[in-house]
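A.B. asks: Sequence:
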Amino acid sequence: MENLMKIKQDISIGENLKKLRKKAHLSQEEVAAMLELKGLSVSREMLSQMEQGRYSIRVSVLFVLKEIYKANWDDFFEGISFPAQN
1 MENLMKIKQD ISIGENLKKL RKKAHLSQEE VAAMLELKGL SVSREMLSQM
51 EQGRYSIRVS VLFVLKEIYK ANWDDFFEGI SFPAQN
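Okay, so the sequence shown: first residue is 1 according to UniProt numbering, each after it adds one.
Just so you know, these hints were derived from the structure itself, not from any lab.
Careful, some of the hints might be misleading.
[Claimed, not checked] With a Cα cut of at most 30 Å, we get these calculated DSSO-like pairs of lysine-lysine:
| hint | residue 1 | residue 2 |
| --- | --- | --- |
| 1 | K38 | K66 |
| 2 | K70 | K19 |
| 3 | K19 | K38 |
| 4 | K66 | K23 |
| 5 | K66 | K22 |
| 6 | K70 | K22 |
| 7 | K23 | K70 |
| 8 | K70 | K18 |
| 9 | K38 | K22 |
| 10 | K18 | K66 |
| 11 | K38 | K23 |
| 12 | K66 | K19 |
| 13 | K70 | K38 |
| 14 | K38 | K18 |
[To be verified] What follows is a list of derived Cβ distance ranges for each label pair:
| hint | residue 1 | residue 2 | range |
| --- | --- | --- | --- |
| 15 | K23 | S56 | 32 to 38 Å |
| 16 | R44 | E78 | 32 to 38 Å |
| 17 | A33 | S81 | 32 to 38 Å |
| 18 | S81 | S56 | 28 to 34 Å |
| 19 | E67 | S43 | 28 to 34 Å |
For each residue, glycine too, the CB sits at the ideal point set by N, CA and C.
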């Protein structure tokens, strides 16, 4: 059950990445180029896989995407519920 929850959260983060990119009116190619200018090697294909929840997102990439998309941290995790901690 825990693995299923992780997969759903990964997909939701990916969907949020796609939504933020589209809201910024940017293509995957443009975002990949912007990441490259910031010293991060992320291809359009990798970005596509991130948006589909198939590729883990490095924290360094998330920080730059936050800047590119002019987003808040909450925007990346919108609609995701985390299990209560004991």
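A.B. asks: Which earlier hints can't be squared with this structure?
C.D. replies: 15, 16, 18, 19
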